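*Asks:* Could you put the whole structure together from the sequences, leaning on the hints where they help?
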Amino acid sequence: DTGVSQNPRHKITKRGQNVTFRCDPISEHNRLYWYRQTLGQGPEFLTYFQNEAQLEKSRLLSDRFSAERPKGSFSTLEIQRTEQGDSAMYLCASSLVGPHEQYFGPGTRLTVT
Amino acid sequence: KQEVTQIPAALSVPEGENLVLNCSFTDSAIYNLQWFRQDPGKGLTSLLLIQSSQREQTSGRLNASLDKSSGRSTLYIAASQPGDSATYLCAVREAGANNLFFGTGTRLTVIP
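Residue numbers (the numbering used here), protein chains in the order written: chain A, 5 to 117; chain B, 36 to 147.
Check the hints yourself; a few may be wrong.
What the hints assert, rightly or not - Mimicking DSS-like on lysine-lysine, the simulated pairs with C-alpha atoms at most 27 Å apart in a straight line are:
1. Lys61/A - Lys36/B
2. Lys15/A - Lys77/B
3. Lys77/B - Lys61/A
4. Lys36/B - Lys103/B
Calculated from the structure, these hints are not laboratory results.
On a predicted model such as this, the values are computed, not experimentally measured, just so you know.
*Replies:* Structure representation (structure tokens):
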């Protein structure tokens with residue numbers, strides 16, 4: 005197993021366009037998390053799934069954001085009508101249920117022009 | 036709301052020195068604490084996980100301690116090397132929660 009993977013690694017888009025990111029977690033991990041990190045800051049939690057159920061969403065996840073994990077494996081994060089303030093690194097992590105480490109992917113860097 | 040603070044924000048040391056990075060958190064009702072390393076423009080690499088019932092964890096040249104009652108953790112790096120240069124992030128998982136609260140990190144530079 006090669007760890008958590010994310011695609012694309014970089015995305016440049018124009019304001020108002022929709023973008024979708026994909027995360028493939030470590031195969032046996034049933035929890036999957038999305039975080040957002042802006043320059044010079046620590047990551048901030050967006051949402052998490054246990055299997056295919058989305059169990060928690062932070063207030064940062066506006067109605068322009070939607071996340072899915074349809075079969076409890078990979079997940080997608082879509083941002084509709086992107087704004088310049090959406091420019092950030094979007095990080096995905098996965099873990100087992102319980103007191104276990106979260107393992108992070110390499111991130112997708114989004115630039116909205 | 037849990038707040039995590041890391042001091043200093045940046046640190047430069049000569050190669051071979053031992054160093055300590057600090058992390059403090061406001062709510063001591065935590066489940067565990069995790070230290071990460073982040074290289075520029077990259078994702079996070081997990082270094083150490085300390086459960087709330089533990090006092091310390093060690094991995095190679097790294098030792099992390101936890102004093103839950105005072106809301107503090109330290110990451111000790113022995114015999115620093117230029118390859119240790121990175122940003123080190125501390126993250127807390129609260130009791131009853133599943134997400135991590137992160138500090139803003141300490142940017143470490145080890146000078147050859």
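*Asks:* Does each hint fit the structure? Answer for all of them.
*Replies:* Okay, the hints, checked on the actual structure:
For the hint linking Lys61/A to Lys36/B, the alpha-carbon distance of about 16 Å falls within 27 Å, and the restraint holds. A hinted pair counts as satisfied when its Cα atoms are at most 27 Å apart, and Lys15/A with Lys77/B qualifies at roughly 15 Å. Pair hint Lys77/B plus Lys61/A holds up; C-alpha atoms about 24 Å apart against a cutoff of 27 Å. Using a Cα cut-off of 27 Å, the hinted pair Lys36/B and Lys103/B holds, with the two alpha carbons roughly 17 Å apart.
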